Amino acid sequence: MRKLFFVIERDLRMFVQYKFLIIMRAIWFVSQVAFFGLIASRMVVPQLADIYFEYYVAGVVVMMLYSASVFIGYDIFEEAEHGVFEYLLSLPVSRKELVLGRSIGGGIRSFILVGPLIAITLFIIGLANPVNFLIAFFSLFLFAFGVSGMSITIAVGLKSADRFDILMGVLNAFIIRLSTTMYPQVFVQEANLAYAKVSEFNPVTFASDLFRWGVGIERYFTMTPMPLAAIIGLVIFFAIFTFVGITIYERRLEGGGWR
Amino acid sequence: MAVIRTIDLTKRFKDLVAVDHLNLDIEEGEIFGLLGPNGAGKTTTVLMLSTVIKPTGGTAVVGEYDIGKSPDDVRKLIGICFQEPKLLWVSTPWDVLNWHAKVCGLSTQERKKRVKQVLEDVNMWEHRRKNVHGLSGGMRKRVEIAKILIQRPKIAFIDEPTAQIDVVGKHKIWNMIQELREEGTTIILATNELHEADILSDRVGIMHKGKLLICDTPKTLKDSILGGDLVEIRLEKEATQDAFDELKSFHEVVDVVTVKPTNLKVHLNKVEEIVPKIMELFMKRNLPVTSISMSEPSLDDVFVHYTGLTIEEAQRKSP
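For the record, the sequence lines run as chains A and B.
Numbering-wise (our numbering), the first sequence opens with residue 1 and increments by one.
Numbering-wise (our numbering), the second sequence opens with residue 1001 and increments by one.
Just so you know, the hints here were simulated from the structure itself, not pulled from any lab data.
Since this is a predicted model, take the numbers as computed values, not measurements.
Hints may be right or wrong, so weigh each one.
[Unchecked claim] Quick list of in silico lysine to aspartate or glutamate cross-link-like pairs, DMTMM-like style, CA-CA up to 20 Å:
1. B:K1102 with A:D11
2. A:K3 with B:D1095
3. A:K96 with B:D1072
4. B:K1211 with B:D1020
5. B:K1112 with A:E9
6. B:K1219 with B:E1273
7. B:K1102 with A:E9
8. B:K1172 with B:D1198
9. B:K1265 with B:D1255
10. A:K96 with B:D1073
11. B:K1130 with B:E1120
12. A:K19 with B:D1095
13. A:K3 with B:D1072
14. B:K1113 with B:D1095
15. A:K3 with B:E1110
16. A:K3 with B:D1073
Make a model of the complete structure from these sequences and hints.
In structure tokens:
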């Protein structure tokens, strides 16, 4: 168990070194909110402009969380390039501890990045119910760990930084666009029923809706009044990519199958 | 007692057989030199024994654990100093070594003490807060070797420990490797530096094209070359035919070449045993010796003997 913490600690320490990335991500968030959010909210009926702005800000936080959690996959390629992956595989740490630690580390560090942005969001939107917020916050942790696990699984599976980069770009286009990060489910449904089905079972939708519910934008909660389905969805997503994923990539990692 | 035993250990990468049915016993507490040119299969062997990559055939027992069945247990016994330093460029030597010590289970107090001590020993204390990015190749290599000196594992795999290190640094690292062995670590030294293998290893295994050609103590390997030792003798007077014939009659002597009538080159075996006899022969025949010089074969000669190539030639021909 101690070694699991050391693996997590390593990823956190490494992340603090990426000052440039952290600053750029923060600038990206501010520009999304200050430019895109403010301008796009003028496109909806005037009575709903402020509400859509809040809706959008909450969605951007989840987008940030998603992209920050994916970043661990890029680290894996960086490590493979410098041979550090071989070093990690030679350490007296089980593959399970290594992969679980990295999933959790990747999730926590995305929270380090997104934490201040959540605080800004709370400042903009306000906080209606602290208990709801804590439930939502915890669920976002599961979401972040799940995305990190997914990123590691794909990175180890693809074995090519270029392919990984392209695939993550495409996946990002699908998983973010076919979710409720930027628009409520009702509009997705109006556009296309198939899109709506994907969006309905999309972990990004679960995370976005839960976060909005947590900060009190229930009016636009598009699934059920109780966020149980979204929580269950995130638990399943987390479980698949953290535990089932471990088994898959443990086999792949063991004995150099990642090469 | 063998602490590592490989049984037909094989690694194939598509058409290339990197390690071919390797059978080897490494004794507890020894420094075992795995000698061969680049591409001989040394690093692949080390990576298989350390469970980083999986063999495609055969297996190995490290400690008492099979590398295929109990890789987690194997990794608890071993430490590796990689050929290329495995460091992320944003890290500092202190971070790298401190974290390594933690993962290897050192207590906080012991960790701090050892990290400081080893960083000082490898002359990296002043540079401990610099990014790896800003370190020279030699400095990075010193950080890499420091990992194993801090860890003090039961079995250490050290791959090309002095590549990119200056002469003074090499001697220091060789001393550290010997000290590590004195503390009880079994060391597997993969190297293509013949002198390094010769002075450090208790036994040497020569690998070429994935195969283990021969394995023994450096001395036995050198002695195995028929006529590998060379003695050059200068006499005050010309050697007589009788003396010449008697010299050739020693069973250790393989060949005698007359460079000048007073200057002989004798190719022989077991130089340390035969030289007193040669001296006695010339004294007895009243042929004073003005000078005598001896040279033993090097491991380079051993490599040439078994492969037909110098290590440089083998390196150039490696896949």
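To see whether the hints hold, each was checked on the structure:
no. : hint                 : in the structure
1   : B:K1102 with A:D11   : holds (14 Å)
2   : A:K3 with B:D1095    : holds (16 Å)
3   : A:K96 with B:D1072   : holds (10 Å)
4   : B:K1211 with B:D1020 : holds (5 Å)
5   : B:K1112 with A:E9    : holds (17 Å)
6   : B:K1219 with B:E1273 : holds (14 Å)
7   : B:K1102 with A:E9    : holds (11 Å)
8   : B:K1172 with B:D1198 : holds (16 Å)
9   : B:K1265 with B:D1255 : holds (8 Å)
10  : A:K96 with B:D1073   : holds (14 Å)
11  : B:K1130 with B:E1120 : holds (15 Å)
12  : A:K19 with B:D1095   : holds (17 Å)
13  : A:K3 with B:D1072    : holds (13 Å)
14  : B:K1113 with B:D1095 : holds (14 Å)
15  : A:K3 with B:E1110    : holds (17 Å)
16  : A:K3 with B:D1073    : holds (15 Å)
The earlier numbered hints are all upheld by this structure, with none contradicted.
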